[in-house]
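Chain by chain, the residues run as shown.
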Amino acid sequence: MDLNYSAEELAFRDEVRSFLNKDLSQTLSEKVRLGKRLSKTDHKEWHATLNKQGWLANNWPVEHGGTGWNAVYRHIFEEELCLAHAPRTIPFGLSMLAPVLLKFGSPAQKDHFLPRILDGTDWWCQGYSEPQAGSDLASLKTRAVRDGDHYVVNGQKTWTTLGQYADWIFCLVRTDQDVKPQEGISFLLIDMKTPGVTVRPITLIDGGQEVNEVFFEDVRVPVANLVGEENKGWTYAKYLLTHERTNIAGVGFSTAALVHLKEICAKQMSGGKPLLENPYFAGRVAQIEIDLMAMATTNLRMIAKAAAGQAPGAESSMLKIKGTEIRQAINDLTRRAIGRYAMPFVSEAMDSGANVQGVGPEYAAAASPGYFNNRKLSIFGGSNEIQRNIISKAILGL
Amino acid sequence: MDFNHSDERRMLQDTLHRYLSDNYDASQRANSVGHAQGFSEKIWSDFAKLGVIGALFAEEYGGFGGSGFDIAVVFEELGRFACVEPLMASGVMSGQLLGELGTEEQKSLIGDVIDGKLKIVPALEEPQSRYDLDAVETTAKRVEDGYRLNGTKSVVIGGPSADKLIVSARGADGLQLFLIDVDASGVERYSYPNLDGYHASDIALVNVVVPASACLGASEAVLSALEAARAAGVIALCAEAVGAMEAAKDLTVEYLRVRTQFGRALGKFQALQHRMSTVLIEIEQARSALINVAGHLSAEPFQRDKHVSAAKNLIGRVAQLVCEETIQLHGGIGMTEEYALGHYAKRLMMIDHQLGDVDYHLERFVGAMQRESAREAMS
Chain C
1 MDLNYSAEEL
11 AFRDEVRSFL
21 NKDLSQTLSE
31 KVRLGKRLSK
41 TDHKEWHATL
51 NKQGWLANNW
61 PVEHGGTGWN
71 AVYRHIFEEE
81 LCLAHAPRTI
91 PFGLSMLAPV
101 LLKFGSPAQK
111 DHFLPRILDG
121 TDWWCQGYSE
131 PQAGSDLASL
141 KTRAVRDGDH
151 YVVNGQKTWT
161 TLGQYADWIF
171 CLVRTDQDVK
181 PQEGISFLLI
191 DMKTPGVTVR
201 PITLIDGGQE
211 VNEVFFEDVR
221 VPVANLVGEE
231 NKGWTYAKYL
241 LTHERTNIAG
251 VGFSTAALVH
261 LKEICAKQMS
271 GGKPLLENPY
281 FAGRVAQIEI
291 DLMAMATTNL
301 RMIAKAAAGQ
311 APGAESSMLK
321 IKGTEIRQAI
331 NDLTRRAIGR
341 YAMPFVSEAM
351 DSGANVQGVG
361 PEYAAAASPG
371 YFNNRKLSIF
381 GGSNEIQRNI
391 ISKAILGL
Chain G
1001 MDFNHSDERR
1011 MLQDTLHRYL
1021 SDNYDASQRA
1031 NSVGHAQGFS
1041 EKIWSDFAKL
1051 GVIGALFAEE
1061 YGGFGGSGFD
1071 IAVVFEELGR
1081 FACVEPLMAS
1091 GVMSGQLLGE
1101 LGTEEQKSLI
1111 GDVIDGKLKI
1121 VPALEEPQSR
1131 YDLDAVETTA
1141 KRVEDGYRLN
1151 GTKSVVIGGP
1161 SADKLIVSAR
1171 GADGLQLFLI
1181 DVDASGVERY
1191 SYPNLDGYHA
1201 SDIALVNVVV
1211 PASACLGASE
1221 AVLSALEAAR
1231 AAGVIALCAE
1241 AVGAMEAAKD
1251 LTVEYLRVRT
1261 QFGRALGKFQ
1271 ALQHRMSTVL
1281 IEIEQARSAL
1291 INVAGHLSAE
1301 PFQRDKHVSA
1311 AKNLIGRVAQ
1321 LVCEETIQLH
1331 GGIGMTEEYA
1341 LGHYAKRLMM
1351 IDHQLGDVDY
1361 HLERFVGAMQ
1371 RESAREAMS
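So the sequences go chain by chain: C and G.
Position 395 of the first sequence, counting from 1, maps to 395 under the working numbering, and the rest follow consecutively.
Position 353 of the second sequence, counting from 1, maps to 1353 under the working numbering, and the rest follow consecutively.
Note that these hints are calculated values from the structure, not bench results.
Incorrect hints may appear among the rest.
[Unchecked claim] Keeping only pairs whose Cα atoms sit at most 20 Å apart, straight-line, the calculated PhoX-like set for lysine-lysine is:
1) G:K1249 - C:K393
2) C:K393 - G:K1268
3) C:K180 - C:K238
4) C:K393 - C:K36
5) G:K1117 - G:K1042
6) C:K232 - C:K110
[Said to hold, decoys possible] Some chain G residues judged to face chain C by a derived CB distance under 10 Å, without partners named:
7) K1249
8) L1251
9) G1295
10) S1298
11) E1300
12) A1311
[Claimed, not checked] What the simulated footprint calls covered on chain C by chain G, stretch by stretch (three residues with Cβ under 8 Å from a Cβ of chain G suffice, anywhere in the stretch; the number is not a length):
13) 2-8
14) 276-283
Even for Gly, the Cβ is constructed at its ideal location relative to N, Cα and C.
When you get a sec, could you build the whole thing from the sequences and use the hints?
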C-alpha cells in the first residue's frame, strides 16, 4: 500500500503546473472559474495551445501524435488542468472518435482524420441520441440506404453537444431494418457541410445553447466514410463506452468546484460572519469534502488497476454515479451559498467576452444556471439509472 | 501509488480468514457472545499463536506490524466474521498508549499482551463525557507515594475480560493516565452485554490508591497520545465495519438471487437492483475512506485527525445505509436473530457509538476545514 505518487509522477505534475502557469492565459481561466460560456474561439485557442505542447491527444499512442501516457499520468494531467481552471478539451474527436478510428478505422481514415483533429481543422460532434432513442439507443431510426458509392441518410439526431460549431459528425445509423436492433447499425462519418444537413440549437433551462438537433434530409455520404464494417456499428459504439475513461468520476472538476465554493463561503456573510463559520452550512460543505476525499481514492484505485492493464469495465459505472452525485451536490451548495443574488439572471453576462455586467458579486451570475446545467451529468453518458442496471448485471450478477 | 497489500500482510489476512472460516461459525460466535466475559479463551489464545495480536504492535515492542494497514487487514477479517473478541480495546488502543507513554516497565507488559496472557483495556470515557477523551471528571489526588482515584468509567468495551485498565483522571498535574489492576481495592465492575454481542463494564473507582509508578507519561503528552490512540482505534473500527458491510452485502446479494416472489428472483426487480447497486457503490467509498485513514496513522496529527474524522463520518453514514438496506432487501428473515445478517447490522450501528459518531466527527472535520481556510486566507 502506498498512497503517494512516485518521484517521476511528481516531477511530471510540476511540469504540467509550470506549463499551465506559462501558457494558460488568465483571461481564459477566469472565464472558466466564473462559469462563463466559452466561445468557439476560446476552445480552439486552448486546443492549439495544448497541441503546440504535444499534450492535446493525451490518450493516443505516440505514433499518431499522442502522448502515450498511462492512466496515472492522464489523471494527473486532467486534475491539474481542472485545478488551474483550464477549459475542458472537447472530447468528441479526441477521446470518442479517435479511439474508434485507431481500433477499427481504415488506414486512409486514420491518415486523413487524426491529424486534422490535432491541428484543429476538424471539430467533431457526436450523433448518437435521437428523439425516440435516448437510454434505449439501439432503437435509433436514422436510416442510411446504399446508393452506388454513397449512403443516403435520412433522420434526426438530438442532444448534439456544440454541434453548431462542428465540421463533422460521427453517427450511428440504421443500415439494416430486418435484424435485431443492435445488428443493423453502422458507424458513419458525415461532413456537416453536405447538402441536407440542418443544425438547430436547443436552448436549455440555464439559458445556454450547448446542444442541438441535427436533421438529415437525403444527405449523400461517400461509402469511404463508413468506419469498419457495415452493421457492426454497435460493437464500435460499445467499445467507446468500455474504453478506459479516467476522467469519468470528474474528481478534478469537483475539487476545483469545491475550492471555488469555499472561496465564496469566505466572502459571503451570514449573521455577521463568513458563511463557512455557520455550523449548518459548514457541515454540508464538510460532508461533501469527506465524500470527495473518498471518491478521489476510489478513482485512484480504479486508475491504478487500469494502469496495471486491467480493464475497469463496470466499475466505471460506479465512478460515474458517485462522481456526478458529488459534482451536483457541490453545484447545489454553491447556488445556496450565494443567497439572494443567486436569483438574478442576466444571461448575456455569462457569454464569453460579453461586456454585460451581472448583478451582485461576479461569482453569482453562473451559480444557479450552473446548478441547472449540471443536472445533465446524471442524465448523459448513460443515465445514472442505466449505470445501476449495468452494476446489477455485471458486478452483482443479479 | 500502489493499492495492493504487501505479501506479508496478504498472508496475515489469508491466515486469519482461513482460521475464522474454520473456527468461528455461528455456534462458536454464540459461545463467545454467551460467555460471562464476552470472549472465548480458545479463540484468544489462537489469535496469539497465529500472530494476530502481534501484528498490531511494532517490532520495537515485540510485535511485527502496528501500521495502519496491519490494523486494517486484521479488523476487516474480524468484522467479516462478526467476531466479538475485544481485540481493539486490548490490542490497539492500549498498545498505542503504552507504546507512546509507558515506562520501560509498563512497556514490558506488551510481550504478555502479544502472547495472549494479558488483557489491558482502556477505560477513558465517562457518563458525561460522551465522545470527548479530555472531558474527564475522575479525580487523581496526590497522596504519599502515589495517587488516589475516584470516578466512574462507562461502557468500557472489553472491561469484563480485562486484567488491567488504563484509566484517565484529572488532578493537580492535569490530565493523567494510570495503569491499574482490575482487582485493586476500590475497583468495582458492573458488567453486561451490548446489543451487538460485545461485553462491556461500567467501572466505579472508589478511593483506588495506586503507586506513582502506575502513572503513564507526563500529563502534557496525554491528550496527544489519547488522540493518537483514538486514530488507531478508529482505523480498527472502520476496518471492522468494512468487513461487516462486505459480509452483509454478500448475504443480501445471495438472498436476492435465490428468493423468488411473483414467480421470479427478487434480484430481477429493478427497484431492488438499484438499491443494491447504491449499497455497493457506498461500500467502495467506505473502503476508500478506510485506505485514506489507514495510510495516515503516522502522518502529522492535523492531517491524521482530518482523515480520522472523514473516515469515521463517512463509514458511519454508509454503515447505516448498509444496515437498513440489507435488512429491508431481505424482508422479515433479515430481522431474525437466528440469521447472521442481524449480527452484522447491529454491529454496524453500534460502531457509530464508539470513539465518536457521524455528527461528532463531522463537527471535528468542520473545525479542521475552518482552520485550513483561515490559514489559506492569511497566506
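Structure-based check of each hint:
1. A threshold of 20 Å between alpha carbons decides the hint, and for K1249 of chain G with K393 of chain C the separation of about 15 Å falls inside it, so the pair holds.
2. Of the supplied pair hints, the one linking K393 of chain C and K1268 of chain G holds, its CA atoms being roughly 10 Å apart against a limit of 20 Å.
3. Proximity of K180 of chain C to K238 of chain C is assessed by CA-CA distance (about 16 Å); at most 20 Å being required, the pair is judged to hold.
4. Restraint check for K393 of chain C and K36 of chain C: the C-alpha separation of about 40 Å exceeds 20 Å, so the hint is violated.
5. Distance restraint check for K1117 of chain G and K1042 of chain G: the Cα-Cα separation of roughly 12 Å lies within the 20 Å cut-off, and the hinted pair is therefore satisfied.
6. Distance restraint check for K232 of chain C and K110 of chain C: the Cα-Cα separation of roughly 18 Å lies within the 20 Å cut-off, and the hinted pair is therefore satisfied.
7. The interface hint given for K1249 of chain G is met, as the beta carbon of that residue sits about 9 Å from the closest beta carbon of chain C, less than 10 Å.
8. Hint status for L1251 of chain G relative to chain C: violated, with the closest Cβ pair at about 13 Å, above 10 Å.
9. Here the hint on G1295 of chain G is kept, as its CB sits about 4 Å from the closest CB of chain C, short of 10 Å.
10. Below 10 Å, beta-carbon pairs count as interface contacts, and S1298 of chain G has none with chain C, the closest being about 12 Å; its hint is therefore violated.
11. For E1300 of chain G, the interface hint is violated, since its Cβ never comes within 10 Å of a Cβ in chain C; the closest pair sits about 15 Å apart.
12. About 8 Å separates the beta-carbon of A1311 of chain G from the nearest beta-carbon of chain C, less than 10 Å, and the hint is met.
13. Only residues whose beta carbon comes within less than 8 Å of a beta carbon in chain G count, and the stretch 2-8 of chain C has 5; three or more means the coverage holds.
14. Under the rule that three or more residues need a Cβ within less than 8 Å of chain G, the assignment of the stretch 276-283 of chain C holds, with 5 such residues.
Going through the hint list in order, the structure does not satisfy hints 4, 8, 10 and 11.
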